[in-house]
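Number of protein chains: 4
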Amino acid sequence: MNAVLSEPEAGKPSVPYMLAGRVSDEKTVVNISGGITIGGEDVCIIAGPCSIESRDQIMESAAHVKKAGATILRGGAFKPRTSPYAFQGMGVEGLKLLREAGDAFRMPIITEIMDSDDLAVIEEYSDIIQVGARNCQNFSLLRKLGRAKRPVLLKRGMMTTVVELLMSAEYVLAGGNRNVILCERGIRTFESETRNTLDISAVPVLQQKTHLPVIVDPSHAAGTWKLIHPLSLAAIAAGADGLMIEVHPDPDHALSDGMQSLKPERFSDLMIRMAQMARLMGRSIPGSC
Amino acid sequence: MNAVLSEPEAGKPSVPYMLAGRVSDEKTVVNISGGITIGGEDVCIIAGPCSIESRDQIMESAAHVKKAGATILRGGAFKPRTSPYAFQGMGVEGLKLLREAGDAFRMPIITEIMDSDDLAVIEEYSDIIQVGARNCQNFSLLRKLGRAKRPVLLKRGMMTTVVELLMSAEYVLAGGNRNVILCERGIRTFESETRNTLDISAVPVLQQKTHLPVIVDPSHAAGTWKLIHPLSLAAIAAGADGLMIEVHPDPDHALSDGMQSLKPERFSDLMIRMAQMARLMGRSIPGSC
Amino acid sequence: MNAVLSEPEAGKPSVPYMLAGRVSDEKTVVNISGGITIGGEDVCIIAGPCSIESRDQIMESAAHVKKAGATILRGGAFKPRTSPYAFQGMGVEGLKLLREAGDAFRMPIITEIMDSDDLAVIEEYSDIIQVGARNCQNFSLLRKLGRAKRPVLLKRGMMTTVVELLMSAEYVLAGGNRNVILCERGIRTFESETRNTLDISAVPVLQQKTHLPVIVDPSHAAGTWKLIHPLSLAAIAAGADGLMIEVHPDPDHALSDGMQSLKPERFSDLMIRMAQMARLMGRSIPGSC
Amino acid sequence: MNAVLSEPEAGKPSVPYMLAGRVSDEKTVVNISGGITIGGEDVCIIAGPCSIESRDQIMESAAHVKKAGATILRGGAFKPRTSPYAFQGMGVEGLKLLREAGDAFRMPIITEIMDSDDLAVIEEYSDIIQVGARNCQNFSLLRKLGRAKRPVLLKRGMMTTVVELLMSAEYVLAGGNRNVILCERGIRTFESETRNTLDISAVPVLQQKTHLPVIVDPSHAAGTWKLIHPLSLAAIAAGADGLMIEVHPDPDHALSDGMQSLKPERFSDLMIRMAQMARLMGRSIPGSC
Numbered sequence: 006m007n008a009v010l011s012e013p014e015a016g017k018p019s020v021p022y023m024l025a026g027r028v029s030d031e032k033t034v035v036n037i038s039g040g041i042t043i044g045g046e047d048v049c050i051i052a053g054p055c056s057i058e059s060r061d062q063i064m065e066s067a068a069h070v071k072k073a074g075a076t077i078l079r080g081g082a083f084k085p086r087t088s089p090y091a092f093q094g095m096g097v098e099g100l101k102l103l104r105e106a107g108d109a110f111r112m113p114i115i116t117e118i119m120d121s122d123d124l125a126v127i128e129e130y131s132d133i134i135q136v137g138a139r140n141c142q143n144f145s146l147l148r149k150l151g152r153a154k155r156p157v158l159l160k161r162g163m164m165t166t167v168v169e170l171l172m173s174a175e176y177v178l179a180g181g182n183r184n185v186i187l188c189e190r191g192i193r194t195f196e197s198e199t200r201n202t203l204d205i206s207a208v209p210v211l212q213q214k215t216h217l218p219v220i221v222d223p224s225h226a227a228g229t230w231k232l233i234h235p236l237s238l239a240a241i242a243a244g245a246d247g248l249m250i251e252v253h254p255d256p257d258h259a260l261s262d263g264m265q266s267l268k269p270e271r272f273s274d275l276m277i278r279m280a281q282m283a284r285l286m287g288r289s290i291p292g293s294c
Numbered sequence: 006m007n008a009v010l011s012e013p014e015a016g017k018p019s020v021p022y023m024l025a026g027r028v029s030d031e032k033t034v035v036n037i038s039g040g041i042t043i044g045g046e047d048v049c050i051i052a053g054p055c056s057i058e059s060r061d062q063i064m065e066s067a068a069h070v071k072k073a074g075a076t077i078l079r080g081g082a083f084k085p086r087t088s089p090y091a092f093q094g095m096g097v098e099g100l101k102l103l104r105e106a107g108d109a110f111r112m113p114i115i116t117e118i119m120d121s122d123d124l125a126v127i128e129e130y131s132d133i134i135q136v137g138a139r140n141c142q143n144f145s146l147l148r149k150l151g152r153a154k155r156p157v158l159l160k161r162g163m164m165t166t167v168v169e170l171l172m173s174a175e176y177v178l179a180g181g182n183r184n185v186i187l188c189e190r191g192i193r194t195f196e197s198e199t200r201n202t203l204d205i206s207a208v209p210v211l212q213q214k215t216h217l218p219v220i221v222d223p224s225h226a227a228g229t230w231k232l233i234h235p236l237s238l239a240a241i242a243a244g245a246d247g248l249m250i251e252v253h254p255d256p257d258h259a260l261s262d263g264m265q266s267l268k269p270e271r272f273s274d275l276m277i278r279m280a281q282m283a284r285l286m287g288r289s290i291p292g293s294c
Numbered sequence: 006m007n008a009v010l011s012e013p014e015a016g017k018p019s020v021p022y023m024l025a026g027r028v029s030d031e032k033t034v035v036n037i038s039g040g041i042t043i044g045g046e047d048v049c050i051i052a053g054p055c056s057i058e059s060r061d062q063i064m065e066s067a068a069h070v071k072k073a074g075a076t077i078l079r080g081g082a083f084k085p086r087t088s089p090y091a092f093q094g095m096g097v098e099g100l101k102l103l104r105e106a107g108d109a110f111r112m113p114i115i116t117e118i119m120d121s122d123d124l125a126v127i128e129e130y131s132d133i134i135q136v137g138a139r140n141c142q143n144f145s146l147l148r149k150l151g152r153a154k155r156p157v158l159l160k161r162g163m164m165t166t167v168v169e170l171l172m173s174a175e176y177v178l179a180g181g182n183r184n185v186i187l188c189e190r191g192i193r194t195f196e197s198e199t200r201n202t203l204d205i206s207a208v209p210v211l212q213q214k215t216h217l218p219v220i221v222d223p224s225h226a227a228g229t230w231k232l233i234h235p236l237s238l239a240a241i242a243a244g245a246d247g248l249m250i251e252v253h254p255d256p257d258h259a260l261s262d263g264m265q266s267l268k269p270e271r272f273s274d275l276m277i278r279m280a281q282m283a284r285l286m287g288r289s290i291p292g293s294c
Numbered sequence: 006m007n008a009v010l011s012e013p014e015a016g017k018p019s020v021p022y023m024l025a026g027r028v029s030d031e032k033t034v035v036n037i038s039g040g041i042t043i044g045g046e047d048v049c050i051i052a053g054p055c056s057i058e059s060r061d062q063i064m065e066s067a068a069h070v071k072k073a074g075a076t077i078l079r080g081g082a083f084k085p086r087t088s089p090y091a092f093q094g095m096g097v098e099g100l101k102l103l104r105e106a107g108d109a110f111r112m113p114i115i116t117e118i119m120d121s122d123d124l125a126v127i128e129e130y131s132d133i134i135q136v137g138a139r140n141c142q143n144f145s146l147l148r149k150l151g152r153a154k155r156p157v158l159l160k161r162g163m164m165t166t167v168v169e170l171l172m173s174a175e176y177v178l179a180g181g182n183r184n185v186i187l188c189e190r191g192i193r194t195f196e197s198e199t200r201n202t203l204d205i206s207a208v209p210v211l212q213q214k215t216h217l218p219v220i221v222d223p224s225h226a227a228g229t230w231k232l233i234h235p236l237s238l239a240a241i242a243a244g245a246d247g248l249m250i251e252v253h254p255d256p257d258h259a260l261s262d263g264m265q266s267l268k269p270e271r272f273s274d275l276m277i278r279m280a281q282m283a284r285l286m287g288r289s290i291p292g293s294c
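Protein chains in written order, with the working numbering: chain A, 6 to 294; chain B, 6 to 294; chain C, 6 to 294; chain D, 6 to 294.
Okay, chain A solo, but in the shape it has when bound:
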């Protein structure tokens, strides 16, 4: 159980991330469900609120982002909060509401895992399992996700290097789960105008080092909705395989991350621009007009 994992077979790249390392032009395309993929020609747009707050809120959010053209619905049920006194998420009840919303609008869903105790229920209800920035080097959790049946979206930690991120992905891959999506979401620096500093260079650096899909979360990087538009376009221009964007029907009253959530109408405008940008990059966003 705590023994050394067996070494991968021969013919692998001579880097410490043998399974994550790129050996050819071939990229991994992760199949979600309903024909949706991440890492192929399409630019995948994941959108939705930071937290699931109520049935109405998640249904309304889903309706909006689906209509605007998003592919996958996001929503947090188990929330990692700096303070024990802050809203900690609706838990399993929220997860079920997210599933309901995903089904109602025919969108795959993604939610974050904080505790391996919740793995079974998240595996049952969610199409993708998200690992948050603070758990990027929670090796116990990663090892368990190596045996999970669902794709894993692994967020880079705020002070995780690109190579460490790949080593964390390696934990999941080495466990047998080959469906890993990487997510750049900003690193911690001295600059305080933004919540974190979006490391846009990490997108092409990762694309050169690994065959795994790479997406960008501009919401947590920026910490303010005012920067989501330019950062989203920049991410696609830099070669990202997708974006994860926080959208809330009423950001001013959101229980978490309201400041960085887009209003539905702004998200619709952004979708139009992102679709144009994707085309310029030789790609497409399927749901968009």
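Think of the hints as simulated: they come from the structure by calculation, not from any bench.
Just to be clear, a hint being listed does not mean it is correct.
Which copy is meant is left open, because identical chains are indistinguishable; a pair holds if it fits in one copy or across any two.
[Unchecked claim] Quick list of in silico lysine-lysine cross-link-like pairs, DSSO-like style, CA-CA up to 27 angstroms:
#1 K268 <-> K214
#2 K154 <-> K32
#3 K214 <-> K231
#4 K101 <-> K72
#5 K32 <-> K231
#6 K231 <-> K71
#7 K149 <-> K101
#8 K214 <-> K149
#9 K268 <-> K231
#10 K72 <-> K231
Once you've looked at the hints, dock chains B, C and D against the given chain A.
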């Protein structure tokens, strides 16, 4: 379970870390076992190898550090490693060897928890439960440690601010476990001469903000044994309540962190100097001559 | 001379960078020469070698970048080098060669000032005066540039916040020189895959805070030519008013920064893509086809 | 002038900082004046106000710090300020007052140079020339200081690595001025509880790499007087050859850095403790009782 924790009672400081915040001159003294305390007048010296590697290795390590004057024996059984292919620790078997060594040399022991699945066995065998830097914001684990029967030594993450560290401590305190020890172990910066940058100012800053004991781990901060001596003296001079130092009988052949481990004889020399330094600071190191 | 500068008139924004701060939708358009501007509708492309090395090298560089569609020719005559033993630039002789190349290919030129002793000669020969990242808070130099007759391109220091950059611009503006162009060129972080971390968010943040033009230098940010293509496209997508890109006819034998310099043919390819990107953003690159 | 400096002679260490590099146990002892040295057995205490504000203020400051046991008097005449509208220092007039105070209390003086235009007058009046953090990589200034007749105290930049600091020292040394003192004053990190993060490890790292004296400025690192006491003791414990501490007779009304300046009585208390600490480290502070 995921509900908001109840707010603490009135009369608490008006900071978000209500239980960890300092309201008076009084400091928390954490009782370990056998009359040993952290946070009182004594400067507590925790020493031992990074990983438990064998019965001989941990017994020899314990003999050395005890003789030199260390108070508590450290040793990793479950190891957080960047690579899934690196030595992951001896697990429960190692933990039992650590207990045996602690008993043989009458020293309380401390080991790191990586997974809440191991909580029961660690609670059974270890006197202190260590939370590593990478789990500093693993809120699920922290909440569970709030119900643990053992004191918790919480290491600051490489990307964690002083206030965030206090908020993480608050998770444990709010759960009912009032025995929390904080540990500064270096933060991540641009400087690469050291593995991390020891934030020596965090010691007095924490002492001003919280009543909890604050210790320093110079080994992980420096990443090289050559700096342990000056950094240990500096930590006591800055007001630290203790030190956690990696000592290995044969650093060149250590399975982890050999570069930053002191040889026993160097540790003995350092103990003499630390005892002098403690006296200058109006404190003492009980085990030392 | 060392007296406090007089406070600017009323009606200015209530930020400490009163002259640099944005008060309306109006942006500053800096006129260079020959009808070329920075900050208007056009996306300005500055290109050329890191250092001027010989007459042949700068003439060949100029021919290439002009043909590919660059607007302004760059070349370092006075080079800030970490080591006193490294090539320090050709000095005034190099500056004259740069002027000759600019005239031959009808391109305005830009070169870096390191020492105010060189101000008169740089003012005489160069169309734009560049302040390097290491001099971003060299307040004596900035104050002297406030009296210079040429536009100033001010690079953000690797340790300079966005607000500090604006305060440095304020030194030049307060001295009477209203032609300041800001340049994001990467900040220093813990990540070592790139020479610096390009802070792409700084582009829209600056656009919101100031009326001054904002350009991006992907070469110094990345430190490797392999990332210039995606970062340049991302910069235009994020709203940059221009780019400064290092191009060398023979990067393998460059006297400085060869690793991060594009070969002429790669630059030509990039120009085509940048022109498409500029069009998508409702702008244009005049020299490009 | 911009030519490559000639390579140093054979027999030098194989590091890029050939003159600054340590080749033996021998350390450089910099002679100031009146028998005062930095880098020898004595721990040198430099104290005084951030800025010289008036004849009374600097005389009073000098009287206080001399009585408490400081060795050298500091005071800024030319002040690097983030804002062009902030107090910029008294200039030459202030420098003459500093000289007067130094003479009156028989203390050598140190002041900062911001502009090489002021080199002659600073050389005339000041015993030591200080280079501030923002000019740590102002290579033009450093090269000119290589020909100065006075010792140079070179502060580490906020984002300068230890090796870059040594390379900057190398500029001065290579110019012929062998009297260079290095000063750690905090680096810029994500932590905001302190103005900068004092890199205490830089003291022993520098001591291992160079023969030059290394001192610590806790005032600019901390940004608050409350941390000066523990940080000063820690610096001596870590092996620093001296300290530079801001002391002001009336911090609440200081024109700059009041928050981080010690009141005279607190400085006197600290001197007593520093003298005890120096003795523990096998050194002494001459002026102290």
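- request: Could you figure out if K72 and K231 sit no more than 27 angstroms apart (CA to CA) within one copy, between two copies, both or neither?
  value: Classified as within; 22 angstroms inside a copy, 38 angstroms across copies.
- prompt: Should K149 paired with K101 be assigned to within, between, both, or neither, using CA atoms and 27 angstroms as the limit?
  reply: So K149 and K101 pass the 27 angstroms test inside a copy (22 angstroms) and across (24 angstroms) alike.
message: Within a copy, between copies, both or neither: which one fits K214 and K149 at a CA-CA cutoff of 27 angstroms?
response: within (25 angstroms within a copy, 38 angstroms between copies)
message: Reference check for the pair K214 and K231, CA-CA at most 27 angstroms: within, between, both, or neither?
response: between (32 angstroms within a copy, 12 angstroms between copies)
task: Since the copies are identical, ignore which copy is meant and state whether K32 and K231 lie within 27 angstroms (CA to CA) inside a copy, between copies, both or neither.
output: Between copies only: 19 angstroms across, 33 angstroms inside.
- request: Could you figure out if K268 and K214 sit no more than 27 angstroms apart (CA to CA) within one copy, between two copies, both or neither?
  value: Cα proximity of K268 and K214: across copies only (23 angstroms, versus 36 angstroms in one copy).
Status of K72 relative to K101 across identical chains (alpha carbons, at most 27 angstroms): Cα proximity of K101 and K72: one copy only (22 angstroms, versus 59 angstroms across).
- request: Check K268 against K231 for me: Cα-Cα at most 27 angstroms, and say if that holds within a copy, between copies, both or neither.
  value: within (11 angstroms within a copy, 37 angstroms between copies)
- request: Could you place K154 and K32 in one of the four classes (within, between, both, neither) given a Cα distance threshold of 27 angstroms?
  value: Within one copy, since 21 angstroms is at most 27 angstroms while 49 angstroms is not.
Up to 27 angstroms CA-CA - K71 versus K231, copy category: within (22 angstroms within a copy, 37 angstroms between copies)
Checked against the numbered hints listed earlier, the structure breaks none of them; every hint is satisfied.
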